[in-house]
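Colleague: Quick note, the sequences are listed as chains Y and L, same order. Counting in my numbering, the first sequence runs from 1 upward without gaps. Counting in my numbering, the second sequence runs from 1 upward without gaps.
No lab work stands behind these hints: they were computed from the structure. Remember, predicted model here, so these are calculated numbers, not experimental data. Glycine residues also receive a C-beta, built at the ideal position from the N, C-alpha and C atoms. Don't take each hint at face value.
[What the hints assert, rightly or not] Some chain L residues flagged as far from chain Y (calculated, every beta-carbon gap over 10 Å):
hint	residue
1	Ala30
2	Thr44
3	Gly110
4	Ile148
5	Met155
6	Gly158
7	Arg159
8	Val194
9	Val199
10	Leu210
11	Gly235
12	Thr319
13	Thr320
14	Leu322
15	Phe323
16	Ala325
[Stated by the list, open to error] Each pair of labels, with its calculated beta carbon distance range:
hint	chain 1	residue 1	chain 2	residue 2	range
17	Y	Met318	L	Val34	29 to 37 Å
18	Y	Asp166	L	Asn266	41 to 49 Å
19	L	Gly232	Y	Leu28	42 to 50 Å
20	L	Val343	Y	Ile145	55 to 63 Å
21	L	Thr319	Y	Phe295	41 to 49 Å
22	L	Leu189	Y	Phe277	30 to 38 Å
23	Y	Ala42	L	Ala225	17 to 25 Å
24	L	Ala176	Y	Gly35	49 to 57 Å
25	L	Gly55	Y	Phe295	38 to 46 Å
26	Y	Leu212	L	Val343	52 to 60 Å
27	L	Val343	Y	Leu28	40 to 48 Å
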Amino acid sequence: MTVATVPGRKARVPRRYVPVLVTAALFLAMFAAGGIRYEGFATGQIILNVFIDNAFLLVVAVGMTFVILAGGIDLSVGSVVALSTMVAATLLKQGWSPWPVMMLVLLIGAVLGLGMGAIIHYFEIQPFIVTLAGMFLARGLCYTIGARSIPVDDPVFTAFAQTRIDLGADMWISPGVVVAAAVVVAAAYTLHHTRLGRNVYATGGNEQSALLMGLPVARTKIAVYTISGFCSALGGLVLSFYMLSGYGLHAVGMELDAIGAVVIGGTLLTGGSGYLFGTVLGVLVLGLIQTIISFEGTLSSWWTRILIGLLLFVFILMQRLITARRR
Amino acid sequence: MTAPSPAPASGSASASPGRRLLGHRLFWPAVILVALLLINPVFTDGFFRVELKDGHLYGSLIDIVRFGAPLILVALGMTLVIATRGIDLSVGSVVAISGALACLRISDLGDQNSAGGVLAAAGVALALSVALGAWNGLLVAGVGVQPIIATLILMVAGRGLAQLITDGQIITVNSAPYKLIGGGYWLTLPFGIVIVLAVLALTAFLTRRLALGLLIESVGGNAEASRLAGIGARGVILTVYTFCALCAGIAGLMISSNVSSADGNNAGLWIELDAILAVVIGGTPLSGGRFSLGGTVLGALIIQTLTTTIYSIGVPPETTLLFKALVVTVVCLVQSPAFRAKVFHRRRRPAGASPVAEEKVGVSA
Numbered sequence: 001m002t003v004a005t006v007p008g009r010k011a012r013v014p015r016r017y018v019p020v021l022v023t024a025a026l027f028l029a030m031f032a033a034g035g036i037r038y039e040g041f042a043t044g045q046i047i048l049n050v051f052i053d054n055a056f057l058l059v060v061a062v063g064m065t066f067v068i069l070a071g072g073i074d075l076s077v078g079s080v081v082a083l084s085t086m087v088a089a090t091l092l093k094q095g096w097s098p099w100p101v102m103m104l105v106l107l108i109g110a111v112l113g114l115g116m117g118a119i120i121h122y123f124e125i126q127p128f129i130v131t132l133a134g135m136f137l138a139r140g141l142c143y144t145i146g147a148r149s150i151p152v153d154d155p156v157f158t159a160f161a162q163t164r165i166d167l168g169a170d171m172w173i174s175p176g177v178v179v180a181a182a183v184v185v186a187a188a189y190t191l192h193h194t195r196l197g198r199n200v201y202a203t204g205g206n207e208q209s210a211l212l213m214g215l216p217v218a219r220t221k222i223a224v225y226t227i228s229g230f231c232s233a234l235g236g237l238v239l240s241f242y243m244l245s246g247y248g249l250h251a252v253g254m255e256l257d258a259i260g261a262v263v264i265g266g267t268l269l270t271g272g273s274g275y276l277f278g279t280v281l282g283v284l285v286l287g288l289i290q291t292i293i294s295f296e297g298t299l300s301s302w303w304t305r306i307l308i309g310l311l312l313f314v315f316i317l318m319q320r321l322i323t324a325r326r327r
Numbered sequence: 001m002t003a004p005s006p007a008p009a010s011g012s013a014s015a016s017p018g019r020r021l022l023g024h025r026l027f028w029p030a031v032i033l034v035a036l037l038l039i040n041p042v043f044t045d046g047f048f049r050v051e052l053k054d055g056h057l058y059g060s061l062i063d064i065v066r067f068g069a070p071l072i073l074v075a076l077g078m079t080l081v082i083a084t085r086g087i088d089l090s091v092g093s094v095v096a097i098s099g100a101l102a103c104l105r106i107s108d109l110g111d112q113n114s115a116g117g118v119l120a121a122a123g124v125a126l127a128l129s130v131a132l133g134a135w136n137g138l139l140v141a142g143v144g145v146q147p148i149i150a151t152l153i154l155m156v157a158g159r160g161l162a163q164l165i166t167d168g169q170i171i172t173v174n175s176a177p178y179k180l181i182g183g184g185y186w187l188t189l190p191f192g193i194v195i196v197l198a199v200l201a202l203t204a205f206l207t208r209r210l211a212l213g214l215l216i217e218s219v220g221g222n223a224e225a226s227r228l229a230g231i232g233a234r235g236v237i238l239t240v241y242t243f244c245a246l247c248a249g250i251a252g253l254m255i256s257s258n259v260s261s262a263d264g265n266n267a268g269l270w271i272e273l274d275a276i277l278a279v280v281i282g283g284t285p286l287s288g289g290r291f292s293l294g295g296t297v298l299g300a301l302i303i304q305t306l307t308t309t310i311y312s313i314g315v316p317p318e319t320t321l322l323f324k325a326l327v328v329t330v331v332c333l334v335q336s337p338a339f340r341a342k343v344f345h346r347r348r349r350p351a352g353a354s355p356v357a358e359e360k361v362g363v364s365a
C-alpha cells in the first residue's frame, strides 16, 4: 500500500509495481519469442485475437480481482458463467426478447453474488466454502434446466457474435471485446479513483484496521462478491455471444483460469495489493500461451495446463519473496 | 473417535446421557446417514439385504461402501490436512496421475497378469503420489504459501501431467491382479473395503494412540504457539500433505482399477470438493485444530448414499449438485458460531455479553 522504494538501489521502481512490470516483461518476451519463431505471429491481430477469444475470461477475471483484492476468493464464477449461458439460451428459445433476457441474467448473477457475500460476512464462514456451495448450486441449476447444449439463434445475439468492428490496417475486434474493454475501464476507475475502491484495498489489507477506521467493511465485502457475480453473469453473456449456445458444461474449471490470471497479474492473494491492469496482462499471458501452443502445432493442448501451473508457481514464489522482504 | 477432544463441545460436560448423545459430534451426521438410508427401501426392494454369493458379499449397502471407498480414502487424508488449518485442492489431480502412471506401467508389461509387475507399477505410482504430496507440503511449510494457493498449482498442472503421462489417450489395461484392487474380492469383502479399513485403522492408530494426532491438532490450533512449544510444525505439515497425497494415490489406483483404464481428464474430477464436503459434514471445522476420523467416514458415506439415493429415486442424477449445495450450506451455517449466535442466541440469553472471538495466529514465516 505504501510507496516503498528500495533504498540504495539505482533502479528506483516502487516495489508495488514490480509484479505488474514482471508480467508485462514476460508478455513482451513471449510475444517477441513468438514473433521470431513463427511466421505471421508478430501482428497486432494476434493480440486482438487473444482478446477476442478471451473476452469472457477478462470480464470474469476483473470481478475476481475485486474479490481477491478484498482478501476473499470466489470459486463460483465458472458455474455462474455456465448458468448465465444456460438461462439466456433457454429464455431466448421460449421467445423472450433479448434485452430483458440480458437484464435478467445480469440480475441473477448479481443476486447470487450478493447472497454469497452476505453469508460470508454475516455468518463468518470462509469465502472458500461458501463460494464452493455457490459453485455446486449454479452448476446444479444448469443441469436442472437441461443436460444438453441449447443453441441460440436470436438475431441480436447472432449480430453480437458476427459483427466485426474494423480498426483499420486489417485489424478487427468483436463486440465482446468492446464489452470487456468497457468493464475494464469502469472497474479500473472504481478501484483506483472511488471511495469503494479504496475501501476494497483497505479491507483486503487489514480487515480489522479497516473496521476500526470506521470504513464500511460489511458493505465493501458484500459489494465485491456482488460485483464478481455481476461480472460472471456478464462474462456468461459474452461467452454466449462467442459460442452462440447455452450449456451446463461451458466454462468448467474457469475459476482456476480467472484466479490464475489475477495471480499472474501480480495481485497478492492475501489481498490489499494489486492492479487491475495486471489482471489484463495476466489474461493476455494466459491467452498468448494458448496461441503459442497452437502455433507450435506439435505441442499437445495439455501443455497449456502444465505451463499455467508453472507460471503460477513462479509468480506465487515471487509474491512470497516480495511480501517477506517488505516486513 | 475414542480420544477426548481438546476443545470440548459447549454444554456437554455436565449434561445427562440423553443430552450427551444429542451433543455428540457424530450424532447429526449419523442421523442424516440413517435418514438417507431409510428413504431407499421405499424405492428399491430389498435395499438392506446383504447376500453371500460364491463366497462374495453382495447388496446395496456393500455397494455404497465399495463405490465410496476412494472418496473415504481421499477424505481421510484431507481430514488431517484440514486439521492443520490447511486444504489440499490437488487430490483430484493426484488421483488422475497415480492411475495414469500405474496403467501406463502395466500396459508396458510383457505379461499384464504378473503380480510382481503390477505391484511394481502400483509402487511407482504411489511413490510419485508421495513426491507430489511432499511438493505441496514443502510449498506450504517451507515457502509459506497459503494452502489453497499452493495446492492450486498442482491442481492446475496435475491434470496436464496426467494427460502427458497417458499421452492424451485413455489407457486400457487387461490385468487380473490390477483389477483386484478396485473390483476384486478378498475374504468375502470387496478388496477396496479391505484397503479402506486398513488405512483407517493405521490412521486411527497413528493419530489417536500415538502423539501425532495431538501434534496435528496443536499445529492447526495455533501454529506459532506450537512452534514456540517445541513442536516441529513444518515437519507435521509436510507429513500430513504427504499422507493426503498417498491416500489420493491409493484412491487413484482403485478408481482406475475398477474401470481397468486411466483417463487423465476425468478420473477423480471434483473428488477434492466431495472430500472437503465429507470432512466438513463429519464435523471437522475448516478452521483446523481438531478432527474426527469417524465423522469423515460418516460424511463420505453420506455423500455416497446421497448419490445412490438420487439414482434410485429416479431424480435426474445431475441434480446431485443441488443437494450437495444445500447440504454444504446447511452444515456450514450450523457450524458457524456467528450464525448460531445470531439465530439462536437471542432466545436463550437475551442480554448476555457475547464473548470476544479469539483471533488465531496462522503459520507465518
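Colleague: With reference to the structure, classify each hint as holding or not holding.
Modeller: Hints, verified against the model:
{"no.": "1", "hint": "Ala30", "verdict": "holds (22 Å)"}
{"no.": "2", "hint": "Thr44", "verdict": "holds (23 Å)"}
{"no.": "3", "hint": "Gly110", "verdict": "holds (28 Å)"}
{"no.": "4", "hint": "Ile148", "verdict": "violated (6 Å)"}
{"no.": "5", "hint": "Met155", "verdict": "violated (7 Å)"}
{"no.": "6", "hint": "Gly158", "verdict": "violated (8 Å)"}
{"no.": "7", "hint": "Arg159", "verdict": "violated (5 Å)"}
{"no.": "8", "hint": "Val194", "verdict": "holds (32 Å)"}
{"no.": "9", "hint": "Val199", "verdict": "holds (25 Å)"}
{"no.": "10", "hint": "Leu210", "verdict": "holds (30 Å)"}
{"no.": "11", "hint": "Gly235", "verdict": "holds (20 Å)"}
{"no.": "12", "hint": "Thr319", "verdict": "violated (6 Å)"}
{"no.": "13", "hint": "Thr320", "verdict": "violated (7 Å)"}
{"no.": "14", "hint": "Leu322", "verdict": "violated (3 Å)"}
{"no.": "15", "hint": "Phe323", "verdict": "violated (8 Å)"}
{"no.": "16", "hint": "Ala325", "verdict": "violated (4 Å)"}
{"no.": "17", "hint": "Y:Met318 - L:Val34: 29 to 37 Å", "verdict": "violated (51 Å)"}
{"no.": "18", "hint": "Y:Asp166 - L:Asn266: 41 to 49 Å", "verdict": "holds (42 Å)"}
{"no.": "19", "hint": "L:Gly232 - Y:Leu28: 42 to 50 Å", "verdict": "holds (44 Å)"}
{"no.": "20", "hint": "L:Val343 - Y:Ile145: 55 to 63 Å", "verdict": "violated (32 Å)"}
{"no.": "21", "hint": "L:Thr319 - Y:Phe295: 41 to 49 Å", "verdict": "holds (42 Å)"}
{"no.": "22", "hint": "L:Leu189 - Y:Phe277: 30 to 38 Å", "verdict": "violated (59 Å)"}
{"no.": "23", "hint": "Y:Ala42 - L:Ala225: 17 to 25 Å", "verdict": "violated (56 Å)"}
{"no.": "24", "hint": "L:Ala176 - Y:Gly35: 49 to 57 Å", "verdict": "holds (55 Å)"}
{"no.": "25", "hint": "L:Gly55 - Y:Phe295: 38 to 46 Å", "verdict": "violated (59 Å)"}
{"no.": "26", "hint": "Y:Leu212 - L:Val343: 52 to 60 Å", "verdict": "violated (27 Å)"}
{"no.": "27", "hint": "L:Val343 - Y:Leu28: 40 to 48 Å", "verdict": "violated (54 Å)"}
When the structure is compared with the earlier hints, violations turn up for hints 4, 5, 6, 7, 12, 13, 14, 15, 16, 17, 20, 22, 23, 25, 26 and 27 and for no others.
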